[in-house]
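Asks: Spelled out, the chains give:
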Amino acid sequence: MVERPSLPDPNPAAPAPLPAQPVTPARRHPLVSGLEGTVAAIGRGPLAFVNESGKLLLFCLNTLWWLPRRPFRWAQLFRHMRDVGFGSLFIVVLTGFFTGLVFGFQTLQGFRRFGAEALVGPATLLTLSRELGPVLTGLMVAGRSGSGMATELGTMKVTEQIDALATLAVEPVQYLVVPRVLAATLMMPLLTAIFTGCGFFGCYLIGVGREGVDPGVFFFETWQAADPDDFYEGWIKAAFFGAQISLISSCQGFQAAGGARGVGEAATRAVVLSSVSILVGTYLLAEMLDPLIHAYIWFDAMPK
Amino acid sequence: MSDVAQSPAKSEGSATAAAADQKIQPIIRVVDVHKSFGDHEVLRGMNLDVAKGSILVILGGSGMGKSVLMKHMIGLLQPDSGQIIVDGEDISRMGAAALKRVRSKFGMVFQSGALFDSMSNWDNVAFPLREHRKKLKGTALDERVRELFKIFSLDPDQLGPRFPSEISGGQRKRVALARAVALEPQIVLYDEPTTGLDPITTDQVDEMILDAKRHLGVTSIVISHDIASAFKIADHIIFVYEGEIVAEGLKAEMLSSQHAFVREFFATWSHKNL
Chain F
97 MVERPSLPDP
107 NPAAPAPLPA
117 QPVTPARRHP
127 LVSGLEGTVA
137 AIGRGPLAFV
147 NESGKLLLFC
157 LNTLWWLPRR
167 PFRWAQLFRH
177 MRDVGFGSLF
187 IVVLTGFFTG
197 LVFGFQTLQG
207 FRRFGAEALV
217 GPATLLTLSR
227 ELGPVLTGLM
237 VAGRSGSGMA
247 TELGTMKVTE
257 QIDALATLAV
267 EPVQYLVVPR
277 VLAATLMMPL
287 LTAIFTGCGF
297 FGCYLIGVGR
307 EGVDPGVFFF
317 ETWQAADPDD
327 FYEGWIKAAF
337 FGAQISLISS
347 CQGFQAAGGA
357 RGVGEAATRA
367 VVLSSVSILV
377 GTYLLAEMLD
387 PLIHAYIWFD
397 AMPK
Chain A
6 MSDVAQSPAK
16 SEGSATAAAA
26 DQKIQPIIRV
36 VDVHKSFGDH
46 EVLRGMNLDV
56 AKGSILVILG
66 GSGMGKSVLM
76 KHMIGLLQPD
86 SGQIIVDGED
96 ISRMGAAALK
106 RVRSKFGMVF
116 QSGALFDSMS
126 NWDNVAFPLR
136 EHRKKLKGTA
146 LDERVRELFK
156 IFSLDPDQLG
166 PRFPSEISGG
176 QRKRVALARA
186 VALEPQIVLY
196 DEPTTGLDPI
206 TTDQVDEMIL
216 DAKRHLGVTS
226 IVISHDIASA
236 FKIADHIIFV
246 YEGEIVAEGL
256 KAEMLSSQHA
266 FVREFFATWS
276 HKNL
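So the sequences go chain by chain: F and A.
One point on numbering: in my numbering, the residue at position 94 of the first sequence is 190, and numbering is uninterrupted.
One point on numbering: in my numbering, the residue at position 9 of the second sequence is 14, and numbering is uninterrupted.
Please note that the accuracy of each hint is not assured.
Claimed, not checked - Coverage of chain A stretches by chain F, computed from C-beta distances (three or more under 8 Å per stretch; other residues unrestricted):
#1 75-81
#2 155-165
#3 200-206
Said to hold, decoys possible - Distance ranges between label pairs, derived from CB positions:
#4 F:178 <-> A:83: 31 to 41 Å
#5 F:126 <-> A:41: 52 to 62 Å
#6 F:135 <-> A:236: 55 to 65 Å
#7 A:269 <-> F:126: 53 to 63 Å
#8 A:83 <-> F:143: 14 to 24 Å
#9 F:139 <-> A:146: 51 to 61 Å
#10 A:189 <-> F:135: 41 to 51 Å
#11 A:41 <-> F:137: 56 to 66 Å
#12 F:151 <-> A:135: 45 to 55 Å
#13 A:236 <-> F:151: 41 to 51 Å
#14 F:126 <-> A:93: 22 to 32 Å
#15 F:148 <-> A:189: 34 to 44 Å
Said to hold, decoys possible - From the structure, some residues in chain A lie toward chain F, with a derived Cβ separation under 10 Å:
#16 218
#17 219
#18 266
If you are wondering where the hints come from, they were derived from the structure by calculation, not from laboratory data.
This structure is a prediction, so every number in the text was calculated from the model and none was measured.
Glycine included, every Cβ here is placed at the ideal spot set by N, Cα and C.
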């Protein structure tokens, strides 16, 4: 073993420090400890929920603050519109088509019992445009684009690229988050419309192609029952879901820590939270939008 | 408080050499900064002044708070208590928009390089110019980027179109250096700028830091484990141990420090360089 040269001891006469005395912890009754542990365990969940909600709320407010501020990142916006819109197109078409097929098939089985096969078209269109379209498109986009956003931003976070952006006097939220939120908010209604169209086409194939419903009756009944307000409600919901997915996913990406594992966990959380928020949000939005739409209809019907 | 840059926590004799000689106002002041992550206290009442136009080298073991201190200086982290004053402005509680303005005075080279992996090396270097020098376009922009590549011994035609993942660690570090100095900032923070570089490039980086000080008056703050480099370029050295400055001065003060860890640190270095 090579002896390491060392500098002279500056204070050779200094006395050796006394060994530390062990500190005896105060005795506690097992019942008190157990009760304390139980209360802590009960409180941990709500505290974590409040903590996460607070972080997300602050992140949303920060994004809103930067949303109208210059410079507008047009190139970033178009890139993310392509990623969210074109990237999710195949899965949305596929899901929409098969949802329409199966919905049309099951609805026909039910409607046949009372001879209302011709109503399969409007029933499917109403369901797809108001609920299934935005919700299923949202779930598909959350799975595909939401996880992608969280992974990309999470990787940028753990490799200090987001910090690097800040040191170059570029606001990370404005550069990275605002274009993603705008892109998802704009593309979700479009994807929902495509989903609804594909679903209706699937229903047509089942109803007219396989079950023998007259095509004229199929389209006439649909035309009679279809209302533009049903589509507007679905598209408004879809836009909200787009904002939800992109904000939740970006927030999770920005909070990623601890390397590849942290990025993976951020992506998982992004998909789970986005999906849950869509399912909760669709009910809340239905409750909120319904009176608004009725008010609009009432206002529209007023004599001019 | 005099205008002589010094560490307020330390004795008056430990003033930053360059500032003491030139009576220069500190460009960065760190005043009683505390920072904890969970239960772990990383900075414990850090006090430091950095003289304008000087080179400060921060030495210390791994995980002792050097990078955390540096991130406070540019506002990437906010202290739990204390102040960070940059050019007369307290940035510790500053809003995002104001912080963005202050950051335009800085350039920073990260330990890992932190290049944008979705952009080519060329676009990485051009990025700050495109963001902040809107008038620099076309050929003028290309010329500036080309010049930056050449300063750091990088071939712009060969390495420019490639992505950061397609070049070596040393080349990545040099691209990061080129990006950090692209806007000719007043203050450049270097987090281990020469780690992973060959001796010739290491020497070039040292010379670049010295040139920036001599010709442009740039203030440099360098975290380094390269002690030879530190002794060569530093106007002032601080040694950080468990979130506190335990030694400061120049080579003589470092080598004669009474702190056990500092003595061990330099004894190991002396042994390896015998």
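Asks: Next step is simple, just say for each hint if it's right about the structure.
Replies: Here is what the structure says about each hint:
Here the segment 75-81 of chain A counts 4 residues with a CB under 8 Å from a CB of chain F, which clears the bar of 3, and the coverage holds. As drawn, the segment 155-165 of chain A meets chain F at 0 residues by the rule of a beta-carbon pair under 8 Å; below three, the given contact is violated. A count of 0 residues in the segment 200-206 of chain A with a Cβ less than 8 Å from any Cβ of chain F is obtained; the coverage claim is therefore unmet, three being the minimum. Here the CB-CB span from residue 178 of chain F to residue 83 of chain A is close to 36 Å, well matched to the stated 31 to 41 Å.
Between residue 126 of chain F and residue 41 of chain A the beta carbon distance is about 32 Å. The supplied range of 52 to 62 Å is therefore violated. Between residue 135 of chain F and residue 236 of chain A the beta carbon distance is about 57 Å. The supplied range of 55 to 65 Å therefore holds. A beta carbon spacing of about 46 Å between residue 269 of chain A and residue 126 of chain F contradicts the range 53 to 63 Å that was offered as a hint. The given range of 14 to 24 Å is respected by residue 83 of chain A and residue 143 of chain F, whose C-beta atoms sit roughly 23 Å from each other.
The given range of 51 to 61 Å is respected by residue 139 of chain F and residue 146 of chain A, whose C-beta atoms sit roughly 57 Å from each other. For the pair residue 189 of chain A and residue 135 of chain F, the supplied restraint of 41 to 51 Å is violated, since their beta-carbon distance comes to about 58 Å. Between residue 41 of chain A and residue 137 of chain F the C-beta distance comes to about 25 Å, which lies outside the given range of 56 to 66 Å. Range check, residue 151 of chain F to residue 135 of chain A: Cβ separation about 32 Å, and the 45 to 55 Å hint is violated.
Distance hint check: the CB atoms of residue 236 of chain A and residue 151 of chain F are about 45 Å apart, consistent with the given range 41 to 51 Å. One distance hint, 22 to 32 Å for the beta-carbon pair residue 126 of chain F and residue 93 of chain A, is violated here, with the actual separation near 59 Å. Hint check: residue 148 of chain F to residue 189 of chain A, Cβ distance near 42 Å, so the stated range 34 to 44 Å holds. The beta carbon of residue 218 of chain A is not positioned within 10 Å of any beta carbon in chain F (closest approach about 20 Å), and the interface hint is therefore violated.
The interface hint given for residue 219 of chain A is violated, since its Cβ lies 24 Å from the closest Cβ of chain F, which is over the 10 Å cut-off. The beta carbon of residue 266 of chain A is not positioned within 10 Å of any beta carbon in chain F (closest approach about 12 Å), and the interface hint is therefore violated.
Hint violations for this structure: numbers 2, 3, 5, 7, 10, 11, 12, 14, 16, 17, 18, all remaining hints satisfied.
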